[in-house]
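Trainee: Start from the sequences and build out the full structure, keeping to the hints where you can.
Respectively, the protein sequence lines represent chains A and B.
Per the working numbering, the first sequence starts with residue 1, numbered consecutively.
Per the working numbering, the second sequence starts with residue 419, numbered consecutively.
Treat the hints as calculated values from the structure; they're not laboratory data.
Heads up, a few of these hints could be off.
[As the list claims (entries may be wrong)] Calculated cross-link-like contacts (lysine to any residue; reagent style SDA-like; alpha-carbon spacing at most 25 Å):
#1 A:Lys-385 - B:Ser-538
#2 B:Lys-451 - A:Pro-342
#3 A:Lys-385 - B:Thr-455
#4 B:Lys-500 - A:Gln-235
#5 B:Lys-498 - A:Gly-173
#6 A:Lys-177 - B:Lys-500
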Amino acid sequence: MKKIIYFLFLFLFCIGIFANAQDNAGLTLPAGFKANLFAENIGGARHIAITKNGIVFAKLNRANKQGQSIVRLEDANKDGVADKITGLANYGGTGIYLNGNSLYASSNEAIFKYELDNKDEVLNPLSPVTIVSGLINRRQHESKSITFDKANHIYVNIGAYSNACQEQDRTPGSKGKIPCPILDSAGGIWKFDGNKENQTYGDGMRYATGLRNVVGLDWNTQTNKLYVSQHGRDQLNTFFPSLYNDAQNAELPAETFYEINEGDNAGWPYIYYDPSQHKKIVSPEYGGDGQKEGASNFINPAVAFPAHMAPMAVLFYTGDQFPAKYKNGAFITFHGSWNRAPLPQEGFFVAFVPFKNGKATGEWEIFANGFAGTIDGAKVTSTNKAKARPCGLAQGPDGSIYVSDDTKGAIFKISYNK
Amino acid sequence: MVQYKWKGIFLAGMLLFGLTQSIQAQNVINGKKIYETRCLVCHQADGGGVPNMNAPLDGSTNVVGNDISRLVKIIKNGFKDKVELDGNYYSNDMTPNPDLTDAAIADVLSYIRTSWSNKSSIVTLAQVKNANKGNQKKNSK
Numbered sequence: 001m002k003k004i005i006y007f008l009f010l011f012l013f014c015i016g017i018f019a020n021a022q023d024n025a026g027l028t029l030p031a032g033f034k035a036n037l038f039a040e041n042i043g044g045a046r047h048i049a050i051t052k053n054g055i056v057f058a059k060l061n062r063a064n065k066q067g068q069s070i071v072r073l074e075d076a077n078k079d080g081v082a083d084k085i086t087g088l089a090n091y092g093g094t095g096i097y098l099n100g101n102s103l104y105a106s107s108n109e110a111i112f113k114y115e116l117d118n119k120d121e122v123l124n125p126l127s128p129v130t131i132v133s134g135l136i137n138r139r140q141h142e143s144k145s146i147t148f149d150k151a152n153h154i155y156v157n158i159g160a161y162s163n164a165c166q167e168q169d170r171t172p173g174s175k176g177k178i179p180c181p182i183l184d185s186a187g188g189i190w191k192f193d194g195n196k197e198n199q200t201y202g203d204g205m206r207y208a209t210g211l212r213n214v215v216g217l218d219w220n221t222q223t224n225k226l227y228v229s230q231h232g233r234d235q236l237n238t239f240f241p242s243l244y245n246d247a248q249n250a251e252l253p254a255e256t257f258y259e260i261n262e263g264d265n266a267g268w269p270y271i272y273y274d275p276s277q278h279k280k281i282v283s284p285e286y287g288g289d290g291q292k293e294g295a296s297n298f299i300n301p302a303v304a305f306p307a308h309m310a311p312m313a314v315l316f317y318t319g320d321q322f323p324a325k326y327k328n329g330a331f332i333t334f335h336g337s338w339n340r341a342p343l344p345q346e347g348f349f350v351a352f353v354p355f356k357n358g359k360a361t362g363e364w365e366i367f368a369n370g371f372a373g374t375i376d377g378a379k380v381t382s383t384n385k386a387k388a389r390p391c392g393l394a395q396g397p398d399g400s401i402y403v404s405d406d407t408k409g410a411i412f413k414i415s416y417n418k
Numbered sequence: 419m420v421q422y423k424w425k426g427i428f429l430a431g432m433l434l435f436g437l438t439q440s441i442q443a444q445n446v447i448n449g450k451k452i453y454e455t456r457c458l459v460c461h462q463a464d465g466g467g468v469p470n471m472n473a474p475l476d477g478s479t480n481v482v483g484n485d486i487s488r489l490v491k492i493i494k495n496g497f498k499d500k501v502e503l504d505g506n507y508y509s510n511d512m513t514p515n516p517d518l519t520d521a522a523i524a525d526v527l528s529y530i531r532t533s534w535s536n537k538s539s540i541v542t543l544a545q546v547k548n549a550n551k552g553n554q555k556k557n558s559k
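Mentor: In structure tokens:
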């Protein structure tokens with residue numbers, strides 16, 4: 001009898017291990033990596049930041065049921081799952097960044113600063129300092145993503161409230177405006193002082209322009225350069241059916257990853273990047289025909305990704321937990337497409353971009369996949385049915401990485417076991 | 419004789435029913451074509467839209483509701499009011515369709531009101547014309 005019970009336990013134990021190893025929270029990962037759900041259903045989680053003690057702060061798109069839009073997640077018993085979840089603030093938005101003991105968060109118009117105590121509790125949840133306000137928000141491309149350099153400057157994306165700067169947005173036959181007036185106050189990256197209160201456009205500088213909508217950005221501390229990922233323009237086929245068919249639109253233009261120097265212009269709305277020709281092509285709203293090349297003063301991408309997949313966050317990996325090839329390379333989350341229709345939607349994954357001697361090699365690979373999940377055993381290819389859509393990205397103190405989802409609000413923890 | 423009369427009425431009824439059914443079907447078939455070329459890009463093949471970006475038409479209370487003139491106006495003029503729709507907001511700008519005929523608008527509305535899980539009534543040409551009159555009056559005020 002004892003023996004039977006013993007075997008039964010052994011059997012159950014094995015099943016447990018097997019199920020765990022197989023599951024990985026539904027994700028597909030390279031060999032040696034594992035994933036688990038750190039949290040679920042916290043509300044659509046955009047960007048995330050992690051303290052040196054491993055406390056995760058998530059910025060929500062909109063306030064959750066508790067009326068809170070910054071969620072603090074703590075794993076007190078260290079089992080890899082958040083067990084103490086609290087929150088603060090009530091404004092929706094995307095950006096969150098930890099700079100020492102200062103926690104910066106953005107609404108779709110402003111950037112606020114909070115202070116943390118030595119337990120990583122927020123000291124001034126009701127009275128943050130307003131660092132920047134009055135940034136353009138016309139709903140389209142409204143996210144204000146933020147990052148910092150080492151000298152305490154904030155870099156914030158101000159997305160263009162337009163697809164291709166047409167006289168009438170998203171209207172067939174409407175011409176592109178010359179020059180595009182949106183670029184004066186949006187469609188680029190602005191730089192502000194991280195300490196100064198109450199800044200607005202006049203206090204900052206336009207650091208880079210010609211960027212339609214950058215949701216992901218990170219400072220490469222190795223090379224001291226800003227990197228950004230842009231969402232390319234939509235609807236070449238619906239506006240210019242004589243130049244682009246559905247299949248061509250599904251692959252055009254590339255989603256682009258740029259190294260940015262002060263004063264750079266990436267060319268939106270005048271050009272787009274064609275990943276198969278490896279060229280900057282004049283936009284059809286500006287007289288392009290799908291072949292004509294654009295001006296050479298616009299910068300080239302460091303990496304060109306497949307069209308429409310929507311890069312959401314960039315993270316330079318500085319940890320020691322993952323194998324050496326990942327060190328100082330970049331992870332990028334992809335939200336999944338909508339403008340590949342009528343072709344199936346794709347790109348609900350986290351990509352890895354290898355770097356060599358401080359430069360992207362131009363290659364990329366899928367690191368974590370399967371976020372969209374399956375329905376009746378079939379891969380989900382409709383964006384509105386995706387179970388999770390990768391958005392925020394941050395590195396924990398132990399070198400694990402965390403990926404947030406902005407549908408229901410899951411947070412995945414991905415680790416490597418040697 | 420009485421028997422024949424009833425048979426006649428029955429047959430005529432069947433004919434009428436079949437005719438309206440096929441008008442309805444034609445309506446929806448035309449509407450589907452318009453949907454595929456003009457609307458599918460944003461509202462998607464399954465009518466589910468794109469979260470936070472393009473409103474879903476499948477399951478939308480406005481789409482299956484009675485305010486036909488609002489729907490007609492949205493199709494004609496496009497839509498970027500960014501108002502709450504069934505508890506959510508959508509960030510994209512909807513393209514106007516000033517070149518669609520009233521009949522085509524009736525067809526595409528018929529399609530979106532009776533497709534996916536939507537089980538509402540079709541929209542007739544007369545309803546669209548009526549809606550136009552109402553919308554014009556509102557605009558001239």
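Trainee: Hey, A:Lys-385 versus B:Thr-455, does the alpha-carbon distance stay inside 25 Å?
Mentor: Judged against 25 Å, a Cα distance of about 22 Å means the pair holds.
Trainee: Are the Cα atoms of A:Lys-385 and B:Ser-538 separated by 25 Å or less?
Mentor: Cα-Cα ~23 Å, so holds.
Trainee: Next pair to validate is B:Lys-451 with A:Pro-342; report whether the Cα-Cα distance is within 25 Å.
Mentor: 13 Å, holds
Trainee: Run the distance test for B:Lys-498 versus A:Gly-173: straight-line Cα separation, threshold 25 Å.
Mentor: Status holds; Cα separation ~19 Å.
Trainee: Just to be careful, I want the Cα atoms of A:Lys-177 and B:Lys-500 compared with a cutoff of 25 Å; is the pair within it?
Mentor: Holds. A:Lys-177 to B:Lys-500 sits at ~24 Å (cutoff 25 Å).
Trainee: Check the hint pairing B:Lys-500 with A:Gln-235 against an upper bound of 25 Å on the C-alpha distance.
Mentor: Distance of about 21 Å is within 25 Å: holds.
Violated hints are absent here; each numbered hint is respected by the structure.
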